[in-house]
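Here is how the chains run, residue by residue.
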Amino acid sequence: MSENMKINTRSASLEMEFANRAKQVLSTEPILSARDVEVEFTLRGQRLNAIRRCSLDLYDGETLAIVGESGSGKSVFTKTFVGMLDKNGSITGGSIMYDGMDLAKFKTESQWRKIRGKKIAMVTQDPMTSLNPLKKIGIQIKEAIELNQNVHGAAAKAKAIELLELVGIPDAARRYSQYPHEFSGGMRQRVVIAIAVACNPQILICDEPTTALDVTIQAQILELIRKLQKEKHMTIIYITHDLGVVANVADRVAVMYAGQIIEIGMANEIFFNPRHPYTWALLSAMPQLGVKGEKLPAIDGTPPNLFNKVTGDSFAPRNKKALNIDFLEEPPMFDVTPTHQAKTWMLDKRAPELKQPIDVEKLSRKMNEPQPTSGDIEHPHMSPDREALVEVKNLQVTFGSGRKKFVAVDDVNFTIYKGETFSLVGESGSGKTTIGRAIVRINPITNGEVLYRGERISGKISKEQDVNVIRKCQMIFQDPMASLNERAKVDYIVSEGLYNHKLYKNEHDRQDKVKKALEEVGLLPEFSSRFPHEFSGGQRQRIGIARSLIMEPEFIVADEPISALDVSIRAQVLNLLNDLKKNRGLTYLFIAHDLSVVRFISDRIAVIHKGRIVELAEAEELFRHPLHPYTKALLSAVPNPNPYLEREKKLMVYDPSCHDYSVDKPIWCEILPDHFVYGNELELDEYRKELN
Amino acid sequence: MAKKNDAKLDVRYSNSNVEAQTELPVKEDDRVSAIGADESRKVVNLETNYDAVELDTGKEYGPGSVHTATRSKMPEKQLFQFAEYRAQDAERTGYSNYSYWKSVWANFIKKKVAVFMACIFFALIIFTFIAPAISIYDAKTVRIDFPNRETRFVSPNSHFWFGTDSIGCDYWCQVWSATRTSIILSVSVSVGQIFVGVIIGLLWGYVRKLDRFFTELYNFIDNIPTIIYMTLIALMIGKSTLIMAIAMIAFYWLGTARNIRNLVFMYRDREYNLASRCLGTGLWRILTKNIFPYLISVIVLRLALSIPGIIAYETTLSYLGLLDISTPSLGILLRDARSNFLEYPYLLVFPAAIVSLITVTFYLVGNAFSDACDPRNHV
Numbered sequence: 001m002s003e004n005m006k007i008n009t010r011s012a013s014l015e016m017e018f019a020n021r022a023k024q025v026l027s028t029e030p031i032l033s034a035r036d037v038e039v040e041f042t043l044r045g046q047r048l049n050a051i052r053r054c055s056l057d058l059y060d061g062e063t064l065a066i067v068g069e070s071g072s073g074k075s076v077f078t079k080t081f082v083g084m085l086d087k088n089g090s091i092t093g094g095s096i097m098y099d100g101m102d103l104a105k106f107k108t109e110s111q112w113r114k115i116r117g118k119k120i121a122m123v124t125q126d127p128m129t130s131l132n133p134l135k136k137i138g139i140q141i142k143e144a145i146e147l148n149q150n151v152h153g154a155a156a157k158a159k160a161i162e163l164l165e166l167v168g169i170p171d172a173a174r175r176y177s178q179y180p181h182e183f184s185g186g187m188r189q190r191v192v193i194a195i196a197v198a199c200n201p202q203i204l205i206c207d208e209p210t211t212a213l214d215v216t217i218q219a220q221i222l223e224l225i226r227k228l229q230k231e232k233h234m235t236i237i238y239i240t241h242d243l244g245v246v247a248n249v250a251d252r253v254a255v256m257y258a259g260q261i262i263e264i265g266m267a268n269e270i271f272f273n274p275r276h277p278y279t280w281a282l283l284s285a286m287p288q289l290g291v292k293g294e295k296l297p298a299i300d301g302t303p304p305n306l307f308n309k310v311t312g313d314s315f316a317p318r319n320k321k322a323l324n325i326d327f328l329e330e331p332p333m334f335d336v337t338p339t340h341q342a343k344t345w346m347l348d349k350r351a352p353e354l355k356q357p358i359d360v361e362k363l364s365r366k367m368n369e370p371q372p373t374s375g376d377i378e379h380p381h382m383s384p385d386r387e388a389l390v391e392v393k394n395l396q397v398t399f400g401s402g403r404k405k406f407v408a409v410d411d412v413n414f415t416i417y418k419g420e421t422f423s424l425v426g427e428s429g430s431g432k433t434t435i436g437r438a439i440v441r442i443n444p445i446t447n448g449e450v451l452y453r454g455e456r457i458s459g460k461i462s463k464e465q466d467v468n469v470i471r472k473c474q475m476i477f478q479d480p481m482a483s484l485n486e487r488a489k490v491d492y493i494v495s496e497g498l499y500n501h502k503l504y505k506n507e508h509d510r511q512d513k514v515k516k517a518l519e520e521v522g523l524l525p526e527f528s529s530r531f532p533h534e535f536s537g538g539q540r541q542r543i544g545i546a547r548s549l550i551m552e553p554e555f556i557v558a559d560e561p562i563s564a565l566d567v568s569i570r571a572q573v574l575n576l577l578n579d580l581k582k583n584r585g586l587t588y589l590f591i592a593h594d595l596s597v598v599r600f601i602s603d604r605i606a607v608i609h610k611g612r613i614v615e616l617a618e619a620e621e622l623f624r625h626p627l628h629p630y631t632k633a634l635l636s637a638v639p640n641p642n643p644y645l646e647r648e649k650k651l652m653v654y655d656p657s658c659h660d661y662s663v664d665k666p667i668w669c670e671i672l673p674d675h676f677v678y679g680n681e682l683e684l685d686e687y688r689k690e691l692n
Numbered sequence: 001m002a003k004k005n006d007a008k009l010d011v012r013y014s015n016s017n018v019e020a021q022t023e024l025p026v027k028e029d030d031r032v033s034a035i036g037a038d039e040s041r042k043v044v045n046l047e048t049n050y051d052a053v054e055l056d057t058g059k060e061y062g063p064g065s066v067h068t069a070t071r072s073k074m075p076e077k078q079l080f081q082f083a084e085y086r087a088q089d090a091e092r093t094g095y096s097n098y099s100y101w102k103s104v105w106a107n108f109i110k111k112k113v114a115v116f117m118a119c120i121f122f123a124l125i126i127f128t129f130i131a132p133a134i135s136i137y138d139a140k141t142v143r144i145d146f147p148n149r150e151t152r153f154v155s156p157n158s159h160f161w162f163g164t165d166s167i168g169c170d171y172w173c174q175v176w177s178a179t180r181t182s183i184i185l186s187v188s189v190s191v192g193q194i195f196v197g198v199i200i201g202l203l204w205g206y207v208r209k210l211d212r213f214f215t216e217l218y219n220f221i222d223n224i225p226t227i228i229y230m231t232l233i234a235l236m237i238g239k240s241t242l243i244m245a246i247a248m249i250a251f252y253w254l255g256t257a258r259n260i261r262n263l264v265f266m267y268r269d270r271e272y273n274l275a276s277r278c279l280g281t282g283l284w285r286i287l288t289k290n291i292f293p294y295l296i297s298v299i300v301l302r303l304a305l306s307i308p309g310i311i312a313y314e315t316t317l318s319y320l321g322l323l324d325i326s327t328p329s330l331g332i333l334l335r336d337a338r339s340n341f342l343e344y345p346y347l348l349v350f351p352a353a354i355v356s357l358i359t360v361t362f363y364l365v366g367n368a369f370s371d372a373c374d375p376r377n378h379v
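So the protein sequences, as listed, match chains A and B.
Using this note's numbering, you'd call the opening residue of the first sequence number 1 and step up by one each time.
Using this note's numbering, you'd call the opening residue of the second sequence number 1 and step up by one each time.
One chain only, chain A, in its complex shape (with noise of 0.2 Å):
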């Protein structure tokens, strides 16, 4: 094969197992064969061609990953399987042949119930609402085994426990009569997937099975689902869009864009060999493939509104390098190899060649290596006459009162320094989000102090230094969706600051602020008169950006602002931050769970564990030499887009018992210079020895 197929680091036994899998797809019958399916939905007068003539086979024993953004009708497509489209969508055409049965067929629920659940199971995303919280948690998996394998009362009981220990749950006995709300999150999915392979399905459809969950967390379940295939001899449908995942758990993986799979192939194909430009595109806009300080490589645009009809090959208008044949016909699928197939006109023989974007070395670096950087960064808090923005003392937020009373964030301390990218990073329920939401004063706090160019602006202070503390203090959110008021035109969205301040001169003024500041964000200034639904979620957080940008702020608390994004559209967002701080010379405070992404765009990473932050670095002295057990653990659970390294990491689990703080109490110590790292002085002693 090509000279790109060269790795080092690759593993002989992973290499026989995917040529194993690779002689299986050639050799042996299909188990389930989708042909040309598709699905149509009606919503209201309007029809939606979600899944357009898709093809699939699925071999035994095998974990197909299915990638796509949301919206690629990657959930539709395999929901089709088991007979669980809602109730406006229905397959138009197609078969989908599994045990001799054209599943696409079925008409009523009696000829579905033989299959669903006892030969195709399913997981679902969200753990939290796929339980029922009025049921104890045995009873739930006692019903699935009655309902479909004959067995009941105390065998069934059993049973259930078996299944509870099978998943890793410890004490199953006792949890057997416990009701969701008692389990975590990472515990609800298990006894979700247990559930699932109560009656030894033999395909199993997780789908974006650890999207809700933290990465540590994720990557546990990854584990037992590769754990629970094995025991079982089940086939695994995967759909998700985070790539780390994909190079995790699958065989083979299909990418799949506008409701159609438009490349599919061996892992090892789809990583180091892809062919479709989507793919390519995909790959290298994730930010563990970013150069720091350089510009990701982003996709333009958002995927195609499958309400109109799509003509040609549906990723043309976004393709840079999209053939002029890309408008007019849809490309048919081109053999790469005979196990691996791509959509684009690209691979026919009359099209011009083109160079794969993306270098192999890129992906089979492995994390603790430092990631490269273009020329030498100069971080902010490095330089001599640094100058500190934002300080935060022994900051203490805590909510409820009395019995109550819950801590979420507890004595932080930190330094931000102007022109630099300050990051916490941490799981759900840490405290970060708090953290930022006190700096901005949208949340109260209990305790310590907030200093904004070493003026207070933490508890009460003056209406002048308000407005400028408003002005110059900006946040963006989360979640585009919630984040922009659905019932307001985008010009008055973003022009919201500055009414309230009355910060221009006449109504021409404003508009033309309002339009310097969308075009600053990349979107067309005509977008001013629309109403924030009609954009997709990339657009969507770009306005909300604009709206922060137009008040001239200094600095930005950024709260997981591309948590919520579709991978194709993260890397915009990204770089938009990135040239803002360049232009405008902006702070951040940057929220995150995603190691991966905080690495990119971070001076400074700080580490955030139940509301303390247990360590704090510059980003690649982080990733370098972490020291505080559960740094290392989290960095270990950080999904790698490489499928040999992927499969092969230690996973490292950290047990906060393994503090001893009865008698030696801990401290925030500065361990080396801007390295700082909280633990008591026996934890100490042990991390300087690791650091010599």
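Rather than coming from a laboratory, the hints here were simulated on the basis of the structure.
We treat Cβ as the ideally placed atom computed from N, Cα and C, and that holds for glycine.
Certain hints may be false.
Stated by the list, open to error - Reference listing, derived: stretches of chain A covered by chain B, where coverage requires no fewer than 3 residues with Cβ under 8 Å from a Cβ of chain B:
# : stretch
1 : 134-142
2 : 216-226
3 : 319-331
4 : 336-350
Unchecked claim - Here are a few chain A residues that sit away from chain B, every Cβ distance over 10 Å (derived from the structure):
#  : residue
5  : S70
6  : G89
7  : L166
8  : A172
9  : H379
10 : E449
11 : G454
12 : D479
13 : R547
14 : K581
Fit chain B to the known structure of chain A by using the hints.
Coordinates of chain B only, in the frame set by chain A:
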């Protein structure tokens, strides 16, 4: 594979680096340059003749449709050459054209029954003004000018279209003027209570400090039966229509305010409100711009449903003798008809039919309009 690798055209797929064999001087229109001043997106011309292609940037088009016409005539060789990349096409791909009130209207007129009922209702209102005019009689004159004829309890005939009542007044005129009075009373009470209820509900829901006060006020007023207040007001202040209307508003707002308050709770801590707080938006602007628009469909529904409710309540009040009877309303007609409707059923049928018509109309129109106002129903 190997052949692909010694590609003649080494083009890296990257944003900042779109280059190809030929590169013409930047041929951007102003919108392209607007999109990213620093992301130099150069238009790549690859020997294809694009001069023939119209660049109508103002026009909306679906993805790919831009040059379809031109391209379909291309020779095969050109088909497999790189196309021009147009950034605004990429930005545009996901669009629909939308206006809120247009969509509300479009959705509303789809509900044929509701539109039909609305038309009937408007016809009814107009008719209440012209009906007395086309009649030769008026409501309050007792007809005694028919010699040798009993003018009381005359069944509907060509003279008295709806017959006459117990004292010999023309019932046609009475019914229409009563309808007019009832509609005016119920609409004004309804609008009044919605106005008060929405303002108080918004404050109650959004301002945490006021929650306790309004909850206690609500409990205090709500726990004493309204009929007691109404009796006291009627006896102590007077029974005029205006006073009773104000008295009804004074109690009707309670339910509305409570309903609105509960809805405000849903929206109060949404991220867009946090964003507004970050921008220093004042209370009034948050309430009117951020929260009120979300409640429109609920408010419309409440308004529509409270109108028949108030007509029914007014009937109760008239029945208890708490309303001024000098201006007849539908309630008063119904009360009067009660005593002898077994012998003269037409006395009950006409006003009852109109009350039913109004009730059904507002129910249907209100539901349809509130559905139409809900943007989740706009595609």
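*Out of the numbered hints, which ones does the structure contradict?*
Failing hints, ascending: 1, 2, 12 and 13.
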